[in-house]
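There are 2 protein chains.
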Amino acid sequence: MAKKIPHRLYLTEEQMPTQWYNLRADMKEKPEPMLNPATGKPVEPQDLYPVFCEKLAHQELDDTTRFIDIPEEILEMYKNYRPSPLCRAYSLEKALGTPARIYFKFEGNNTSGSHKLNSAIAQAYYAKEQGLNGLTTETGAGQWGTALSEACCYFGMPLTVYMVKASYEQKPFRKSIMETFGASVISSPSHTTEAGRKILDANPGTLGSLGCAISEAVEKAVTTGGYKYVLGSVLNQVLLHQSVIGLESEKAMEILGEYPDIVIGCAGGGSNLGGLIAPFIRDKITGKADPRLVAVEPVSCPSLTRGRFVYDYCDTGKITPMAKMYTLGCTFAPSPIHAGGLRYHGMSPALSKLYHDGYMEAVAVGQTKVFEAATFFAKYEGILPAPESAHAIRAAIDEALKCKESGEAKTILFGLTGTGYFDMTAYNSFQEGSMSDYIPTDEELEKGFAELPTIPGIQE
Amino acid sequence: MAKKIPHRLYLTEEQMPTQWYNLRADMKEKPEPMLNPATGKPVEPQDLYPVFCEKLAHQELDDTTRFIDIPEEILEMYKNYRPSPLCRAYSLEKALGTPARIYFKFEGNNTSGSHKLNSAIAQAYYAKEQGLNGLTTETGAGQWGTALSEACCYFGMPLTVYMVKASYEQKPFRKSIMETFGASVISSPSHTTEAGRKILDANPGTLGSLGCAISEAVEKAVTTGGYKYVLGSVLNQVLLHQSVIGLESEKAMEILGEYPDIVIGCAGGGSNLGGLIAPFIRDKITGKADPRLVAVEPVSCPSLTRGRFVYDYCDTGKITPMAKMYTLGCTFAPSPIHAGGLRYHGMSPALSKLYHDGYMEAVAVGQTKVFEAATFFAKYEGILPAPESAHAIRAAIDEALKCKESGEAKTILFGLTGTGYFDMTAYNSFQEGSMSDYIPTDEELEKGFAELPTIPGIQE
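In order, the protein sequences belong to chains A and B. Mapping to the numbering used here: the first sequence position 254 is 254, numbers consecutive. Count along the second sequence starting at 1, add 460, and that's the number in the numbering used here.
Among the hints, a few may not be true.
[To be verified] Just a sample of chain A residues kept apart from chain B, beta carbon distances all over 10 Å, derived:
(1) Lys-4
(2) Glu-13
(3) Lys-41
(4) Lys-79
(5) Glu-93
(6) Asp-290
(7) Arg-308
(8) Thr-331
(9) Thr-419
(10) Asp-442
(11) Phe-449
(12) Gln-459
[Unchecked claim] Each computed DSSO-like pair below joins lysine-lysine, with the alpha-carbon atoms no more than 27 Å apart:
(13) A/Lys-404 - B/Lys-464
(14) A/Lys-379 - B/Lys-588
(15) B/Lys-464 - A/Lys-79
[To be verified] These stretches of chain A come out as covered by chain B in the derived footprint (C-beta under 8 Å, 3 or more residues):
(16) 126–137
(17) 146–159
I should point out that these hints are in silico values taken from the structure, not numbers from a laboratory. Each residue gets a CB set at the ideal place from its N, CA and C atoms; glycine is no exception.
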């Protein structure tokens, strides 16, 4: 093609999206409604008010409004790090010897180091707009906690982060960065909540879990005046905010005269993937185009590729509403792989539905192959990816190598969600050859499925 | 002004500079020549061949060629992370309530985390072009070692990094990242060199020093077939490569219809500052404009503000040529502040001359005030700065506050050289209130000056 494609394309501020895109509005079959665990009835916005901001509760349940204006104050903070670049991986293509054209949307150029900031800003803003006194959240790997700390600091909103004790102790720098942004970081389980005390009494030496940290953060929010709880993935509102990733990608590709044959994203709770593929899913649903959309998950936590499409709790503590999604069961405890952000038992209900209905594919990859791809990518493209992001790199390289065999010059787009500066322990273990893949046995999965909830008349 | 100025302006690839600018060509009085320590005579290119690549030796001594073409292969790698953004600090301005317009050129959006990559790529490329077998270097804080590892990996050039033992032990992740890029990292002092063994014999428990690491790296280079030594600051060649920072800034400001009243950069060896101010120094020399150019150094290592403008060795080991520069004496041991990149006893000879001739100002700031500025900046601009870069932020904020008092709407441009992800220990110590400033006494400085070299007929 005649057009000279730059290595890195940045949209101008004027070209940035000013509305989020709600992909549920275009789904022919909507995701099943969330259910209130107490009544088994579909959740109404006011059921969510005790935990969530009102505006966010409405965004959560709104599956008909196609575009939602991004408030000016949010756009203002977005402009401090967005638009993010659409990158052409020329060096990687050359190193692979592939005829494929590889693009990636890079979300790591901000201090939080990942795409999580796109939703953190929105959630902190709505909390401020509602006049709240503060927010609580949990963090595992630390990307979400960092992003929310940054956003809350900007809007002057107090924040308490429950950080899984294992991370708290292994990643002291993640804690420091959150504290630099003024957040109060508590090792979970803690004595600050009933839930934490109960767990500590039963098992004083525990290193905590994401499920426990969620329970503490929710308890703290509902028992502290003017506090609400926020979450960085899985939820519909998060996918909505993350649609800026996909909208910018679509626009940038349009400027380049390109359209992806394959769109690839890593998938934990689905926040990045749902945002990246949003406009392309739309094209697929409306028949405008037919790109392949690929979710990449770790073999150790294979919710899409080996999970069940059923109603389940969103948290381990079974206090959240139930959602119909691909799940390994909320008590499934994934092995401690280095991509902590992908260790979630379920998957965004909207993405689950799209996968179920055949709009999306899924592959599972082992972490050794993932770090091999990460290191190769770093060598040629000069970006050190987060372990989570590297799952997408692995799949993109595999597709590019298939193109090399077939001679097809496909256009591949993948999401590079973040950087790996706080994950050097993982890179170390890869270099030392001491990294292993963890593939759960069928028996282990069965244990998780055995604890799936029963809901009279809906799921027996 | 009518023009809408974006938060972040990225030049297009076509607008990127294709030549480096050699500021010495425009200096009315050139910097004094480097002297060969054995003969006391000015250094010739061939004197440098045993240590440096030939092309780089010529760049080092060329003070007449104004523009030098950037080779295509270097431009290709530059395009993987350049152009870097020129940022308008709207949020910071608002928080300060200043009428000043604050711009910063952000060089931290690459995996090495700093501007060092601009010269690392050039040096690795010329090594490859000359068909060398490998390179050696030293690293203190780790930014230069990381940048060079990344560049050498890209060009397939083996690299050995001597890392000061104190850093090697305190910053294991810096080591990991270099190893991820294939570099061999050795704790210095080591048993791999005569220089290292001598120091270890005399003081087995030593934590090393930059001077010792330089000695080891140089020895390794000259005693290993086909190896040369490279350095990330101080040298003329480095300032030349770093001119891309200033050239891009100048171009971007021109597009915005702006011109800086004040240009501010942190100064250790001068690599960033020399690159940033290059085109503006030129305007000043030629009389086209008269911006204030400000070097910011730590009070703990005040080479410009309290040093002497004399001939001195560039290294502690006294094995390099002597250069006329502002220096505290090559045996001066600065306190272990957190901005390791600014702990250098001397200053780029070209910048020293410009400072001496009145083209540049200098201020010294204490690290507590620096981290206060860093934290404030992070809160509003969402970028966590490296401690080195934060020196420039401190000075920029001080200038902006002066504008607030005087009501002047000055245009301030500063260089944000890098990110602080590997410096969280420093941020911790600031938050805990345990950070102190170190101001050397006059007696301490006199000890350093006492060891300045004497050169018959030149410096008695």
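Original post:
Between A/Lys-404 and B/Lys-464, does the CA-CA distance stay at or below 27 Å?
Top reply: The given pair, whose Cα atoms are some 46 Å apart, is violated under the 27 Å limit.
Subject >> Non-interface claim for A/Arg-308, where every Cβ of chain B lies beyond 10 Å >> reply: Holds, because the least Cβ-Cβ distance between A/Arg-308 and chain B comes to about 38 Å, which exceeds 10 Å.
Original post:
Are all C-beta atoms of chain B more than 10 Å from that of A/Lys-41?
Top reply: At roughly 42 Å from the nearest Cβ of chain B, A/Lys-41 sits farther out than 10 Å, so the non-interface label holds.
Original post:
Is B/Lys-464 close enough to A/Lys-79, meaning Cα to Cα at most 27 Å?
Top reply: At roughly 13 Å apart (the allowed maximum being 27 Å), A/Lys-79 and B/Lys-464 satisfy the hint.
**OP:** Verify that the Cβ of A/Glu-93 lies farther than 10 Å from every Cβ atom of chain B, and report whether the claim holds or is violated.
**Re:** holds (12 Å)
Original post:
Does the claim that A/Phe-449 lies outside the interface with chain B hold up, using a Cβ gap greater than 10 Å?
Top reply: Holds, since 39 Å exceeds 10 Å.
Original post:
Taking 10 Å as the cut and beta carbons as the points, is A/Thr-331 off the interface with chain B?
Top reply: For A/Thr-331, whose nearest Cβ neighbour in chain B is about 34 Å away, the distance exceeds 10 Å, so it holds.
Subject >> Pairwise hint evaluation, B/Lys-588 against A/Lys-379, where the allowed Cα distance is 27 Å at most >> reply: holds (16 Å)
Original post:
Just checking, A/Thr-419 versus chain B, shortest CB gap more than 10 Å?
Top reply: The claim is violated: A/Thr-419 sits with its nearest Cβ about 7 Å from chain B, within 10 Å.
Subject >> Claimed coverage, the segment 126–137 of chain A by chain B - three or more beta carbons nearer than 8 Å >> reply: violated (count 0)
Original post:
Should the label of A/Gln-459 as a non-interface residue stand, given a Cβ cut-off of 10 Å to chain B?
Top reply: holds (44 Å)
**OP:** Grab the minimum beta-carbon distance between A/Asp-290 and chain B and tell me whether it stays above 10 Å.
**Re:** holds (32 Å)
The earlier numbered hints that this structure contradicts are 1, 2, 4, 9, 13 and 16.
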